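Participant: Heads up: the sequence lines are chains A and B, in that order.
Letter by letter, the first sequence follows residues 1 to 259 in my numbering.
Letter by letter, the second sequence follows residues 1 to 436 in my numbering.
Note that these hints are calculated values from the structure, not bench results.
Model, not experiment: these values are computed from the prediction.
Derived BS3-like pairs: lysine-lysine, alpha-carbon spacing no greater than 27 Å straight-line:
id	chain 1	residue 1	chain 2	residue 2
1	B	LYS256	A	LYS196
2	A	LYS90	B	LYS434
3	A	LYS37	B	LYS423
4	B	LYS434	A	LYS34
5	A	LYS196	B	LYS289
6	A	LYS45	B	LYS434
7	A	LYS165	B	LYS256
8	A	LYS34	B	LYS423
9	B	LYS258	A	LYS90
10	A	LYS37	B	LYS434
11	B	LYS62	A	LYS165
12	B	LYS423	A	LYS237
13	A	LYS178	B	LYS59
14	A	LYS55	B	LYS423
15	A	LYS55	B	LYS434
Selected chain A positions facing chain B (in silico; Cβ < 10 Å):
id	residue
16	VAL22
17	GLY54
18	GLU56
19	MET76
20	THR102
21	GLU109
22	LYS196
C-beta atoms are modelled at their ideal positions from N, C-alpha and C, and glycine is treated no differently.
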Amino acid sequence: MKVNTMAEMMASGTMPEYLFWVGCAGSFDQRAQKITKAFSLILDKVGISYAILGKEEACTGDPARRAGNEFLFQMMAYQNIQVMNAYGVKKIITTCPHCFNTIKNEYPELGGNYEVIHHTTLLQSLINEGKIVLKEGGAFKGKKISYHDSCYLGRANNIYEAPRKVLEILDAELIEMKRCRSNGLCCGAGGAQMFKEEETGTTRINIERAEEAVATGAQIIAAACPFCNTMMTDGIKNKEKENEMEVLDIAELIAESMA
Amino acid sequence: MEMIAPLIFLALLATAGFLFYKKANLIKKTIFLGKSEIQYAEPGRRWKQVLLLALGQKKMFKNPLVAFLHLIIYAGFIIINIEVLEIIIDGITGKHRVFLPFIGSYYSLFINVFELLAFGVTVVCVIFLVRRNILYIKRLASNDLAGWPKTDANLILVVEIILMSLFFLMNGADQALQNVQAPHYAPTGSFIVSSMLVPGLSSLSTETLVLIERSAWWLHIIGILAFLNYLPYSKHLHIILAFPAAYYSALEPAGKMKNMPSVQNEVLYAMDPSKAPTDAAPPTTFGAKDIFDLNWKNLMEAYSCTECGRCSAACPATTTGKLLSPRKIMMSTRDRLEEVAQNINQNTNFVDDQKTLLHNYISVEELRACTTCNACVEACPVSLSPLDIIMELRRSLIMEESNAPAEWNNTFSNIENNFAPWKFSPEDRENWAKEI
Chain A
1 MKVNTMAEMM ASGTMPEYLF WVGCAGSFDQ RAQKITKAFS LILDKVGISY AILGKEEACT
61 GDPARRAGNE FLFQMMAYQN IQVMNAYGVK KIITTCPHCF NTIKNEYPEL GGNYEVIHHT
121 TLLQSLINEG KIVLKEGGAF KGKKISYHDS CYLGRANNIY EAPRKVLEIL DAELIEMKRC
181 RSNGLCCGAG GAQMFKEEET GTTRINIERA EEAVATGAQI IAAACPFCNT MMTDGIKNKE
241 KENEMEVLDI AELIAESMA
Chain B
1 MEMIAPLIFL ALLATAGFLF YKKANLIKKT IFLGKSEIQY AEPGRRWKQV LLLALGQKKM
61 FKNPLVAFLH LIIYAGFIII NIEVLEIIID GITGKHRVFL PFIGSYYSLF INVFELLAFG
121 VTVVCVIFLV RRNILYIKRL ASNDLAGWPK TDANLILVVE IILMSLFFLM NGADQALQNV
181 QAPHYAPTGS FIVSSMLVPG LSSLSTETLV LIERSAWWLH IIGILAFLNY LPYSKHLHII
241 LAFPAAYYSA LEPAGKMKNM PSVQNEVLYA MDPSKAPTDA APPTTFGAKD IFDLNWKNLM
301 EAYSCTECGR CSAACPATTT GKLLSPRKIM MSTRDRLEEV AQNINQNTNF VDDQKTLLHN
361 YISVEELRAC TTCNACVEAC PVSLSPLDII MELRRSLIME ESNAPAEWNN TFSNIENNFA
421 PWKFSPEDRE NWAKEI
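Here chain A stands alone, though its shape is the one from the complex (with noise of 0.2 Å):
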């Protein structure tokens, strides 16, 4: 499987229909590239035309920007701007609610103008076309899913539907945490907390969150995230449940469910 970039594309005279903005994490992570394959994966079966940025693509400039650091935001920011706008890009997927968010709410306002569409909406909407097809009796059948819902796809932008939405299809039995939805307890990224050590405690917010997470009983934790992934995936490896579940992007669940 071939992944084209938008300079390939250009080069050969053709526009892909999206940009797949792929983010930091997507790209250097080893865990969330999983979730950055499964997703272009899942545009290849279904056959979405789109491409990467690749080499061109820059951090957003979200951590920066919650930092404090407005200069370098508002650097990054005018950099992929210049570059998306050059490209003469008009519509954006992505796997990270915090790209999501910074292109889709405070681009605009720097003249970036785009239609941002998070992976889950697309996925939901794939689902609703009968565009995504799932196998007979799916490696998820009948096990127990619990989603954690994002701050930045939530509170943030109101997507609360969408990811349990995509979850219905596996045939699972979805089970909410204490603190779901718009009451959903944050997993301790945000605002360039997954770059420095956290304050003083009594205990950490992955932890507290991974308890909840725990208590369900779920087999599987859904994020939609991968700072909340790798956030996730740590906490229950402190309550050592490694074993017993496993944080799972709902890109990977659709990729290793579909036909």
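The hints should help you fit chain B onto chain A, whose structure is shown.
Facilitator: Showing chain B alone in chain A's frame:
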């Protein structure tokens, strides 16, 4: 006495009104020390927020029982004010129950509704006192409220109980006086709650009953006027400011952070010097070090906060024992505002007191703990944003003081040089694609 009472009443009313106006004006002036760079468009959607959040208390109903109890106090407060209007007209004109001749037999119906509400308010205030002081409810027992805030909360509940009791006593004595056909006490019919006091009162002499009725009447209205003047010093100010707070609450997706056009332009001019105007003045300050650097909306929100603590109960940092508590962010901002207001009141203009909101009131450790998850904003019944204040203070910390943990400085340098928060080569960004 009959001639002088309306004069005393008017003097009281005018004094209370003047004092409230003066204090309210000072608060308004203090709020507008904040910046006003944001435009609040779409009045239609904003009025809808007022209807849903403030008037309709939509978000309170995440906990239906508490919402219902709060609604009783709230409805009681608003509806009983119709009776206060009569009391004020009575006070000014020297008449007694001035509405009675106009509505006749409906009068007792109205008073009965007021009495039922007043009874509800009394019961709920007692329940709330128990909740605050006897039952252990984490957000109400938190250290955020140690000292004055806890006293303030209890004081509000106790004063409301006293006011309602005076209302009942006044009506009860009135009915006892009607029974002995005392002059000036026109028959109104029986009142549902206060009639229960009549048997206990009827053995008293007419003079004593008049004394009780008049004392209760005066204490009730003096209490209300005093309470009005207590509002600006109390968390109870939310009964007024919740409305503008709901109106100005964010309409955009909660994930969107406020842009800094000054920095945007600086970067633009650096990247593309041809776009720089010749007279471009560089920005003077970045983010907020003190209340003067915040938006006036943030300052109004600090005065609107009723310290209920739903934000902190939802905050991942607070609940895992970090120093940060979003409620405390709002309370600290208000404390600093009060201090600045006093400073201005004493010196006409603000005189530098060597203090700032950042550091003196809100510490670096608190700011560092925020995950920007928006749980606090979501939890707030009127969508106040502690997060906005936290982010503006963080901006000041980083851009004014270069105060960042070493890991963040590494992250910044990685983003700047490698275009990712980790130290990977940008050349390797698409390596994953070769492995499929």
